[in-house]
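Chemist: Once you have looked at the hints, place chain E on chain P.
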Amino acid sequence: MSGFFGSPAMRLLFRLKFRGGLRKQVRRLKEPKHWIFLVVGGLAALSWIGMLFVNALTSQRISSVGPDVFVVTQISMFVLFALTIVGAFSYRGLYLPKDEIEMGFSAPLTRSDLVRYRMFVSMMKSLFAGFLFGVAAAMRTGGSLYAFFGVFVGMLTVPLVGQGAALVLGGAENKIGKLAKYFPGRLVVRVGIVLFVLLAILYANDMIRVPNGVFDGAENEESFTLDRFAAHPLVHVLLWPFTPWARMITANSFLAFAPYFAFAVGTWLLLFESVARIRVDYRELSLATSADIAKRISRMRKGNLGTKGSVTRATIGWNVPWFFGRGAFGAVAWNKTAAIVRKSRGTLIISALIIAFLTILGTAVTHGTQSEEKLLLGGSFLLAGVGTLYMCAGLRFDFRMDFELMDRVKTWPLRPSMLFLATILPEVLLVSAMLFIAVLARALWIGTYHPGLVGVLAFQPLATLTWVALDNAVFLFSPIRYTPGEEGALQNMGRSMLLMILRGVLMGVVVFVVLLPAMGVKWVVNELSDDSMTSWWAAGAFAWVALLALDAVLIWLGGKMLRRFDVAKDRPV
Amino acid sequence: MPHDLPPAPSPFAAGVPLEVPPRPEVDVSPIGRRVALRVEGFSKTYTDHAAVQDLSFEVEEGEILGLVGANGAGKTTTLRSIAGILPLQAGRVVIRGHDLIEHELNAKRELAWIPDDPQPFDNLTVDEHLRFTAALYGAKDWESRAEQLLTTFELLEKRQALGGELSRGMRQKLAFCCAWLHKPGVVLMDEPLSGLDPRGIRSAKVAIRDLAREGSSVILSSHLLELIEELADKLLIVHKGRKVFAGTLTELRAQFSTAEGSLEEIFLAITEPKGT
Numbered sequence: 107m108s109g110f111f112g113s114p115a116m117r118l119l120f121r122l123k124f125r126g127g128l129r130k131q132v133r134r135l136k137e138p139k140h141w142i143f144l145v146v147g148g149l150a151a152l153s154w155i156g157m158l159f160v161n162a163l164t165s166q167r168i169s170s171v172g173p174d175v176f177v178v179t180q181i182s183m184f185v186l187f188a189l190t191i192v193g194a195f196s197y198r199g200l201y202l203p204k205d206e207i208e209m210g211f212s213a214p215l216t217r218s219d220l221v222r223y224r225m226f227v228s229m230m231k232s233l234f235a236g237f238l239f240g241v242a243a244a245m246r247t248g249g250s251l252y253a254f255f256g257v258f259v260g261m262l263t264v265p266l267v268g269q270g271a272a273l274v275l276g277g278a279e280n281k282i283g284k285l286a287k288y289f290p291g292r293l294v295v296r297v298g299i300v301l302f303v304l305l306a307i308l309y310a311n312d313m314i315r316v317p318n319g320v321f322d323g324a325e326n327e328e329s330f331t332l333d334r335f336a337a338h339p340l341v342h343v344l345l346w347p348f349t350p351w352a353r354m355i356t357a358n359s360f361l362a363f364a365p366y367f368a369f370a371v372g373t374w375l376l377l378f379e380s381v382a383r384i385r386v387d388y389r390e391l392s393l394a395t396s397a398d399i400a401k402r403i404s405r406m407r408k409g410n411l412g413t414k415g416s417v418t419r420a421t422i423g424w425n426v427p428w429f430f431g432r433g434a435f436g437a438v439a440w441n442k443t444a445a446i447v448r449k450s451r452g453t454l455i456i457s458a459l460i461i462a463f464l465t466i467l468g469t470a471v472t473h474g475t476q477s478e479e480k481l482l483l484g485g486s487f488l489l490a491g492v493g494t495l496y497m498c499a500g501l502r503f504d505f506r507m508d509f510e511l512m513d514r515v516k517t518w519p520l521r522p523s524m525l526f527l528a529t530i531l532p533e534v535l536l537v538s539a540m541l542f543i544a545v546l547a548r549a550l551w552i553g554t555y556h557p558g559l560v561g562v563l564a565f566q567p568l569a570t571l572t573w574v575a576l577d578n579a580v581f582l583f584s585p586i587r588y589t590p591g592e593e594g595a596l597q598n599m600g601r602s603m604l605l606m607i608l609r610g611v612l613m614g615v616v617v618f619v620v621l622l623p624a625m626g627v628k629w630v631v632n633e634l635s636d637d638s639m640t641s642w643w644a645a646g647a648f649a650w651v652a653l654l655a656l657d658a659v660l661i662w663l664g665g666k667m668l669r670r671f672d673v674a675k676d677r678p679v
Numbered sequence: 006m007p008h009d010l011p012p013a014p015s016p017f018a019a020g021v022p023l024e025v026p027p028r029p030e031v032d033v034s035p036i037g038r039r040v041a042l043r044v045e046g047f048s049k050t051y052t053d054h055a056a057v058q059d060l061s062f063e064v065e066e067g068e069i070l071g072l073v074g075a076n077g078a079g080k081t082t083t084l085r086s087i088a089g090i091l092p093l094q095a096g097r098v099v100i101r102g103h104d105l106i107e108h109e110l111n112a113k114r115e116l117a118w119i120p121d122d123p124q125p126f127d128n129l130t131v132d133e134h135l136r137f138t139a140a141l142y143g144a145k146d147w148e149s150r151a152e153q154l155l156t157t158f159e160l161l162e163k164r165q166a167l168g169g170e171l172s173r174g175m176r177q178k179l180a181f182c183c184a185w186l187h188k189p190g191v192v193l194m195d196e197p198l199s200g201l202d203p204r205g206i207r208s209a210k211v212a213i214r215d216l217a218r219e220g221s222s223v224i225l226s227s228h229l230l231e232l233i234e235e236l237a238d239k240l241l242i243v244h245k246g247r248k249v250f251a252g253t254l255t256e257l258r259a260q261f262s263t264a265e266g267s268l269e270e271i272f273l274a275i276t277e278p279k280g281t
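Protein chains in written order, with my numbering: chain P, 107 to 679; chain E, 6 to 281.
Isolated chain P, as found in the complex:
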């Protein structure tokens, strides 16, 4: 067996990679734009951390740690560890990135060496989070330094727990077959979080009560306290293992802190060594896990985490119609439509359900609160606007989806502007159709009519086209995608912020260019005919034509950006 710190060669690799990451950043800074990105990103990060500190400093400091704080700490540790263990279902075995996996498995390294190396890497990545949470905890509790070190050690223990769980689960899968593999870990976590948030909202709004007698002595809701909650036998059993961490974090004297800190450090050491010694042949699981994570990273780079990486046999049977003709334009649009239908059916259904839910909830809540006509117009406008932004953010069936195929896309025999339009049109029509149905269904439910509804329905597709075209043109202008965990986080944050501002400014220009002359038209028509309705119609028609013309300009601009796109340069980091 190699020592506690694992293979010297892997330690060398860690040092070389760390130095290499820094070197890459320094090399990038030779270009002035990366300095700008770094400064903007750094300022944003500093302001965020500053806000965290100010918030912690201005919040009520806890002078003496009461039972509530202790229980909250226990619960927090429990939730953190539980989420980590359940999350391990998605990372069975040992995750190794593509440049380490074949090298690691074919080299003269023990499997324990590789586990030690990866745990070391994970802990190094947790240092910053540990520091931040530690400082925040220190500011909120009485014994600042104790809380800081307590939280810091706790945060460094989490990756070890996750790795241990992933190896144990991997061993179980090796022994009992695929049962562990098919346990829907991510789904359980998501459902759990949704249920927790739902219950919290309902409880906060007095829509549910804790039944009498559930908690010791709780005859009514006033007597429900956290310490009584923690005293419940089941809760007590669940939280008991986290008592030392809670005692360490909430300690208010060195004597109270030291034994628990020693225990936590000892546990950390024991856990590190124990996990490294788990005898599981994780090679095949790791190959599968690493391939799965590589696909997920690829989807994140496309900004399309919700879509599947591969097409299922069931969806291939779906006949996708050629909506846009059989020419080159129609072929590109058909390709995109087929990808949406076959690869993203789940995302589509979830988006449709959310829109339906918002429509029903929004209408039910506001029904009868104001005049039905106002309700119809305001709600439809809101639904179309928010729905467009939400769906366009969630359904990235555009150039992000084709990001890794751009060298092929660039060879297609179509004018860049037409290629640009053919790529974004299916998403625009899909979003518009869903919102059209939602707005119309809402109007039928309310059972009234307002002329403005025609305006909402007429403008919605053009507005969607404007936003998607603008968003894609900006994306093609600066397409490098970033995934969490890569180096250069600050620069990417700065770059993203600048691009967000650019999108906002361009959208503002579009709104200004459309609305200002339209208002002028309304004033002129009103002066000439003295009929308010006619002036509204005239202004609306003018704005519609102006927006259509602007969309044409944006598509032309998108084509320019597509022509400018350099596949040798504009690729993932």
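These are computed hints drawn from the structure, not numbers from a lab. Computed from a prediction, not measured in an experiment: that's the story for all the values here. Watch out, some of these pointers could steer you wrong.
Here are the simulated DSS-like cross-link-like pairs (lysine-lysine), alpha carbons at most 27 Å apart as the crow flies [to be verified]:
{"no.": "1", "chain 1": "E", "residue 1": "K163", "chain 2": "E", "residue 2": "K188"}
{"no.": "2", "chain 1": "P", "residue 1": "K401", "chain 2": "P", "residue 2": "K204"}
{"no.": "3", "chain 1": "E", "residue 1": "K163", "chain 2": "P", "residue 2": "K204"}
{"no.": "4", "chain 1": "E", "residue 1": "K248", "chain 2": "E", "residue 2": "K210"}
{"no.": "5", "chain 1": "E", "residue 1": "K145", "chain 2": "P", "residue 2": "K123"}
{"no.": "6", "chain 1": "E", "residue 1": "K188", "chain 2": "P", "residue 2": "K123"}
{"no.": "7", "chain 1": "P", "residue 1": "K516", "chain 2": "P", "residue 2": "K401"}
{"no.": "8", "chain 1": "P", "residue 1": "K675", "chain 2": "E", "residue 2": "K163"}
{"no.": "9", "chain 1": "E", "residue 1": "K248", "chain 2": "P", "residue 2": "K123"}
{"no.": "10", "chain 1": "P", "residue 1": "K136", "chain 2": "E", "residue 2": "K163"}
{"no.": "11", "chain 1": "E", "residue 1": "K210", "chain 2": "E", "residue 2": "K188"}
{"no.": "12", "chain 1": "E", "residue 1": "K188", "chain 2": "E", "residue 2": "K239"}
{"no.": "13", "chain 1": "P", "residue 1": "K139", "chain 2": "P", "residue 2": "K666"}
{"no.": "14", "chain 1": "E", "residue 1": "K163", "chain 2": "P", "residue 2": "K130"}
{"no.": "15", "chain 1": "E", "residue 1": "K188", "chain 2": "P", "residue 2": "K204"}
One side only, chain P facing chain E, incomplete, derived with CB under 10 Å [to be verified]:
{"no.": "16", "residue": "M116"}
{"no.": "17", "residue": "L128"}
{"no.": "18", "residue": "I207"}
{"no.": "19", "residue": "M209"}
{"no.": "20", "residue": "F211"}
{"no.": "21", "residue": "H338"}
Ideal placement from N, C-alpha and C gives every residue a C-beta, glycine not left out.
Modeler: Chain E in isolation, oriented as in the chain P frame:
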């Protein structure tokens, strides 16, 4: 021969057990030459199909074995299992006298693996790759050999280039340099010449021959049958996971009753789908 005994574990070698490594069993072929790699009854089954079934073969020291088969024949699965990337499901692999399961680290110390699409570390320079590889395999006095390899593969000017900046061919050349650095006893190559320019191909061919001349055994898996014909001393043809032939090209021609037929013609004939 440089490989009579396994090298003493270097303090720099990764995961080296502190105890003295077991003495390798002396493995000799029927004609008296030392066997560098012996594979016995190797099988590998995935969830829905058997990738390799009961495959046995051996490679002698200094021999180049051409591994040939259609797509999905099980070549890469075989190589990855010998390299220790995939666990050995059934069968036995002995590398320079070290059993891959019982003495995994000693066996792997004798191995070098060159995948079809090498993935260097994005942020490490070419020099740093060599430094890390030397540490990993416990190679001593490696600098002069590294210099020589960089010259052979025309990477001298790229030694400060980052892995992420290298072209496909350059990545392949770097993989050769890393594989050659510790003078491995057995080298496994999966489509090693893909992505190389004509000069790179020439250098790689010469280097493979030189490596074999130094005593290393090479398993070369490739669809380039002319390359196999040119370099390989022996052939192993697999089809649908089973061995259909193992021997020299002369023996192959004799077995399939053709004196002049190229490897390509014979290969196509024996792997032709039934009924065509």
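Chemist: Does each hint fit the structure? Answer for all of them.
Modeler: Now for the hints, and whether the structure bears them out:
1. E:K163 <-> E:K188: holds (22 Å)
2. P:K401 <-> P:K204: holds (11 Å)
3. E:K163 <-> P:K204: Distance of about 23 Å is within 27 Å: holds.
4. E:K248 <-> E:K210: holds (26 Å)
5. E:K145 <-> P:K123: It holds: about 22 Å lies between the C-alpha atoms, which stays within 27 Å.
6. E:K188 <-> P:K123: Holds. E:K188 to P:K123 sits at ~25 Å (cutoff 27 Å).
7. P:K516 <-> P:K401: holds (23 Å)
8. P:K675 <-> E:K163: Satisfied, since the Cα-Cα distance of roughly 20 Å is no more than 27 Å.
9. E:K248 <-> P:K123: Judged against 27 Å, a Cα distance of about 42 Å means the pair is violated.
10. P:K136 <-> E:K163: holds (20 Å)
11. E:K210 <-> E:K188: Roughly 17 Å between the alpha carbons, so the hint for E:K210 and E:K188 holds.
12. E:K188 <-> E:K239: holds (22 Å)
13. P:K139 <-> P:K666: Satisfied, since the Cα-Cα distance of roughly 22 Å is no more than 27 Å.
14. E:K163 <-> P:K130: Since the Cα atoms of E:K163 and P:K130 sit roughly 16 Å apart, the hinted pair holds (cutoff 27 Å).
15. E:K188 <-> P:K204: Judged against 27 Å, a Cα distance of about 25 Å means the pair holds.
16. M116: holds (6 Å)
17. L128: holds (9 Å)
18. I207: holds (8 Å)
19. M209: holds (8 Å)
20. F211: Since the shortest Cβ distance to chain E is 4 Å, the answer is holds.
21. H338: Constraint on P:H338 not satisfied, violated at 45 Å.
Violation of the numbered hints given earlier is confined to hints 9, 21; the remaining hints are satisfied by the structure.
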